[in-house]
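Participant: The residues making up each chain are set out below.
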Amino acid sequence: MPSLDIAAKPLISGSRLERVLRSGQFAVTAEIGPPPGCDPSVVVTKGDLLRSYADALNITDNQTAVVRLSSNAAAVLLIQRGIEPVMQMTCRDRNRIAIQSDVLGAASFGIRNCLCIAGDHQSFGAAGKLKGHPGAKNVYDVDSIQLVAMLKKMRDEGLLEGGDAIEHGGPRLFIGAAWTPVKEVGDIRVLRLAKKVAAGADFIQTQGVYDIEEFKGIMSRARDRGLHTRTCILAGVIVPKSAGMLRYMQSSVAGVKVPDALIQRMAGVKKDKAREEGKKISVELIQQLREIEGVSGVHIQAIEWEEAVPDIVKAAGLFPRPEVEAAVPSREP
Amino acid sequence: MIVVRRKPIESILAFLAPYRKVLLLGCGSCAAVCFAGGEKETEEMACLLPVMAADKGMDLEVRAATCQRVCDWEFVEPVLAGDDKPDAVVSFSCGAGTNLLADHLGAIRVFPGVDTLFIGATTEHGQWQEMCSGCGDCVLDRTFGICPIARCSKSILNGPCGGSKDGKCEINPETDCGWIKIVERAQALGKLDDLASTYIAPKNWASSHHGGPRRVKREDLKIAKP
Amino acid sequence: MERPFPPCQAACPVRTDTREYVNLIAWGRFEEALQVIRKVNPFPSVCGRICQHPCEAKCRRGALDAAVALKELKRFVTEIETAPAPAMELVPVTRGKIAIVGAGPSGLTAAQDLREMGYGVTVLERLAHPGGMLNLIPKYRLPERILRKDVEAILARGIELKCNCEIGRDVQLSDLQADGYQAIIVCAGLSRSRGLALPGFGAERFVAAIPLMMDVWAGNPVPVGRKALVIGGGNVAVDVARTLRRLGVEQVTMACMESHAEIPASEEEIAAATEEGIGLMPSWAPKRVLKKDGHVAGLELMRVTRVFDDKKRFSPQYDPAHVKAVAADMVVLTIGQAGDTSWTLGSPVKLDRRGRIVADRELHSTSEPRVFLAGEVLNGPGSAIQAIADGRRAAAIVDQFLRTGIMKSPPPEDRAIVGEFPKAAHDKLHRLDRMPMPQVPGPERLAGFHEHELGYDQAAALTEAGRCLNCGSGPTIDEVKCASCLACFRLCPLDGITIQKKMVAAPETCQACGLCAAECPQGAITVGHWTREQFREQIDRNLDVARPARPRAAVVTCAHAATSKSESDAAAVHLRVPCVTHLAARDLLRLIANGIEEIRVVLCSPAACKHASGQQRAKQVLTAAVQRARAVRPKVTIEFVEAGQVLSESPSVQGVSQ
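The listed protein sequences correspond, in order, to chains A, B and C. Every letter in the first sequence is one number past the one before it in the numbering used here, and letter 103, counting from 1, is 103. Every letter in the second sequence is one number past the one before it in the numbering used here, and letter 164, counting from 1, is 164. Every letter in the third sequence is one number past the one before it in the numbering used here, and letter 357, counting from 1, is 357.
In short, the hints are calculated from the structure, not lab data. Among the clues, some could well be false.
As the list claims (entries may be wrong) - EDC-like mimics (lysine to aspartate or glutamate), calculated; alpha carbons at most 20 Å apart, straight line:
1) B/Lys225 <-> C/Glu519
2) C/Lys502 <-> B/Glu39
3) B/Lys191 <-> A/Asp187
4) B/Lys168 <-> A/Asp187
5) C/Lys501 <-> B/Glu39
6) C/Lys502 <-> B/Glu130
7) A/Lys183 <-> B/Asp72
8) B/Lys217 <-> C/Asp495
9) C/Lys501 <-> B/Glu74
10) A/Lys257 <-> B/Asp166
11) A/Lys137 <-> B/Asp166
12) A/Lys183 <-> B/Asp193
13) C/Lys501 <-> B/Asp72
14) B/Lys225 <-> C/Asp495
15) C/Lys502 <-> B/Glu77
16) C/Lys501 <-> B/Asp166
17) C/Lys502 <-> B/Asp72
18) A/Lys137 <-> B/Asp115
19) A/Lys183 <-> B/Asp115
20) C/Lys324 <-> C/Glu267
21) A/Lys216 <-> A/Glu284
22) B/Lys225 <-> C/Asp427
23) C/Lys501 <-> B/Asp59
24) B/Lys222 <-> C/Asp427
25) A/Lys183 <-> B/Asp166
26) C/Lys619 <-> B/Asp166
27) B/Lys85 <-> B/Asp115
28) C/Lys481 <-> B/Asp72
29) B/Lys222 <-> C/Asp495
30) C/Lys619 <-> B/Asp115
Looking at chain A on its own, in the form it has when it is part of the complex (with noise of 0.2 Å):
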C-alpha cells in the first residue's frame, strides 16, 4: 500500500529496496545468514538463490552474539555481485566510532540500507553445543533508537555523532531498524515504534508475525498514530519447519507470538510433510499480511533453510519482483 508521505518525498537513499517502496508495491526482502567462517561462497550462493525473489537482502551480523562472516563484509559481498544487501548492525559488539566507521566502510561499496538492531546479548552464543563467548565484554555504546538518529545525522547533516564534518557529505543511507509487534504495558512497543519512527527509520522490518489478529490489532494503534505514512512497515514472516520449532519460539523466543491453532495444525502434519506445510503457512500468513493497511512489505526469514523462500515468494504471488532502476553501487550525488 503506498503512502502519500512517501512517496511524495525524493529519494533519500536511491537503494533498489527504497524504490520498490516508493513505487506503492509491496516489498520482498529475505534474509541470509552468514557462515560461521571466512568462505565467501556460502554467501554468494545464498544471495544467488534469492536475488530474484527479494528486492534486498538482509544478512544478520553476528546473530545471536554467534561469531559469523560479518554482515557487512558479505553485503560488500553481494553488492559486488549486483545483489542489494541489507546490512545489519547491533550496538552489541561495536561503540559509536566504530559503528560510523562501518558505515562509511560500507556506503564506500554503494551499501545503502542499513538495519539499525539492538543485538542479542552475548550469553546467547552459548546456547545448544555451541560455547560462544558468554564472558566478552559487550559495548552497547549506543542503543538502537540512538544508532537510527545517528545515521540520519550522518546521512541528513553530514556530521558524526560527536559534531564533526563527514569529508565529502554523509552517506545516502536507507535507514531501518526492527520491530517487535506484541502487546504489552503501556502499549510500549508502539510508543517505541514511534519513537524509531520520529529517530528517522526509514523502514522498519518487523519480528515474525503469526498471530495475525494480535497484528491487526497492533498496526491499528500504529495508523493511530500516522506511523505507517512516516515510514515503510515490513512484516517479517519466519518460515516454520516444525511444530517444535513453533513451540520453541512461542516459548523462547522473545516478541514471536505462536497462536496455538498453528501450532495444532503443524503437529497435526506427518513429519516428512511438516516443511512443506510451513511453507503453506507462511504463504497464508503473507496473504494476509498484505491486506492489512500500513503493511508495505514482507520481510521473509527462512533460517538455515534459504532455499524456501522461491517457492513461498512464487505462491504468494509475489514473484516476479517489480523492475526498478537498479542499485547504484558507487556513491553519486
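Starting from the structure of chain A, add chains B and C where the hints point.
Facilitator: Leaving out everything else, chains B and C in the frame of chain A:
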C-alpha cells in the same frame, strides 16, 4: 551498598601458599551487611582456613580482625599497629578497601577474600540486586528512578529491546526486564506520555569508568595542614 | 551518658553550674546566667563578693595561665540592671511548719529550700538583723546593700523572720517544740571568739575579733590605738587588720602561728592587706602580754617551729627561747570561733564531755528527735558557700524525714569529673591573661569602708567569660546517627575525638569550639548548649522583629569579639554565635534563603581567637557555602571582619535577643 561475595575458600588458600602469618581483615560496613566479609564471616574463615591449610600440609597462622570500614585508613591503622605484623592480609572488604590497603601496606601482600560484584540494594533478606552502575551521570530523572544502565542487560537508554518477554530479560528468565519496570512505573505515575516523548541521546560515558579511573576532590572540605 | 562534671562545678559545695553561667555571660545572656546561679545559690550577690571560690582553685585554666575569674563574673551578673521582677507567686503552705534558729547563710538556705517545698518556715534570729556572720564581713568587701539584697529576696518567699529572739534566752527549745513545729533546725553558728589564756585579755584595746567587728558593724565607737597587732592568720584576721587600718590605725601587723606557706588567709586577702600597708609576721605565737601603765603595750611573741604534725593534725610546737617583743597599743585576737551552746541547758539536746553538742554529722541530727543542726555549729568553721550547702543538706534530710519518717542523708553524687588536659592539647591552647579587677589604689581605700573592688564592666566580663575552656561540655555524639565518616576525628583541632567503632569524644580535651557539630554530615553532634535550633530561632526572631523591612545584610558576631567596637549597622540583622567555629553552612544558607545578600562575620583576630585553628577551617567552610549559594543567589557575599583588639568603653553589644 557494595555487594560482595566471598571467594571460595580453596581460592583464598591458594593465594596464601607462600605465606605463614596471615591476617584476615573483615569490614564492618557493606561486606558485613551482605554477610560476606564482616566479623562473623571473617571469624568463620579464621576457623576453616587453618584446618584446610593443615590438610594440605601448609603451615599457616591465621588471625582475624574487623574494622568499621576498610576504605578509610584511620579505621584500619590501629588493627595493623603493633609489632606482630602479618606476612599477608586477606581483605574481606570490597575492592575499594583492598586497594586502599595495598596502597598503604608496602611490604605486606594483600589478597582479596571476596569478589566485589555491584552497587545494589537489599530486595529481601539474603538477596541483593544490582541497582546502580556508577555511570557518573545519572538519568534516573528520566526513567522514573529505575536505572536502565544497571538494570537493563544492554544498558539501553530507550528501551525495551525486542528481547524482552513477559517482563523478563532475554538473557535469563529470572531477570526482570529493567525497561518494562520503567514502563510500569511510568504508567503508575501517569507519565506514559512523557516516556513516549522522551528520547535519551547517546550517553556521554566519560563520567563513567570508561573515562578513566575517577576521583572526587572537594576543595571546600580540604583540611589545611596546621 | 551523663557528661562529667567540670572541675569548677565539682568543687562547688552547691554544685553551681559554673560553666553554664560563664558561657551564658560570654553569649551576652546575663539574665539567664543569673538564673543558673540562683537555681542553687540563694546568696548570689554575697557570693559574688566574698565567696572563697573553690571553683577557681580547680579551674583548669589555672594550669594554663590563670583561673577564670568565676567569682568576679558571678558578681557581674548579680549587678546587671534587670527589669523589676514580677511579683513572685508564693508557694502555698501545704505541709507543716519548721523553725530555724539563726538567720545566717546555712539557716536562710535551709529556710528557702523548705519554704519552696511547701513548709511554713519561721526563722529566729538572735541579733537585730538577719545575715549571721555575713554581717561581720567588712563593708569594703561586702556592702550592706548587697547582703540585704540577697536576704530580702530569700525572705520575700514568705518566710517569717523574728529578730532579737535568742534561743535559750527569749525562747526555749521546748517552747518551739510545744508550738507545733514539726522540726527545728539550729543554725546558730560559731558566735564566740576564742580567747587565749593570756593575762590582760578583755581589757580595752585587747579584744577578740567578733566583739570588735560587731561594734564596727553597729557603728559603735571603737577605741583604737596607733599600733595594732592582730593575732591570727585567717581571713577574719585580715578583715580585722584591714578594718583597723580604715579606723585610722597607722600601723597594723598580723602575727600568726602558720608559716607563710601555711597562712590560711587567701592570697588575694593577703595581697590586699599588703597593699594597704599591713605587716605580716608568720610563724609567731603570743607568749605574754607586755603592759605599760596598765594598758597593753604589746606582745612578746615566741617562734613557732611547727603547726601541724606529720599527720596534718594541729599540734603546734614552739621555741620559747626565741622571742620577739612587738610594741602595740592594741591587740586583737582572731584565733578562731566557738559556738555558744548555752541554749542546750535544760533542753533535751545533749552535750558531750567536751561541751560539744552530740550530733550525727551525716544526718544532722541531735540527741533529740526532730531537732537538727546545720552550718558551722555542726561542722566547725567553714566558708559561706559551705554553710549554704550544709543548710541545703539539712533541709533535704528534714524533708525526707517528715515525709517518710526515715532519716537519710542525700546520696553522694556519682558523677565523673573531667580529667586534666592532655599535654598535646594543652600545648595548642592560647594563653590569655585574666582580666584584672579594677581596684581603688591601696592608699585611697583607707579613707573609708567603701568597696575598693569596682567590678567588671561588660567588656571585661565578656572577655573574661570567653576564657572559659568549656570543660566537659561536649561534644555528645549520637551513636545512632553517627555514620562514622571520620570528619570530626580529622577536624578536631585538639585531637579530642577517638575512633571506637563510632566516634567518641574525650571530655578532657574538648573546648566546645563546635567545628565538629557544624560539619557533621549527619547532624549527630551537639556541643555544649549551642544547637542549630537555637540559632535558627535567633535568626527567625531577628527577621521577624525587622518586618516589614527585609534586611539585606546580616552581621554575625562571635561572642568573644563582641567586646570590641563592632559595627552598628541598624539596617542589618544582628546575630550572635559563641564562636565562628559554631557556624554551619546551613545557618548561612538559612539567612540567604531569607533574603540576606551580605553576610559579615565579626570574629576575633587569629592571635586572640580561643579557637584559632578552628577559625581557619570555619572560614574555609563558610566561604565554600556562600560559593555554593551563588548558584542560586549570585550576589551573595561573605566578609570576615576582625574585631579590634581595643576594648571599647561601651561595647555595642546590641540587638542580642535571647
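Participant: Let me make sure I understand: some of the numbered hints might not hold for this structure. Which ones are they, in numerical order?
Facilitator: Failing hints, ascending: 6, 7, 8, 11, 16, 19, 20, 23, 24, 26, 27 and 30.
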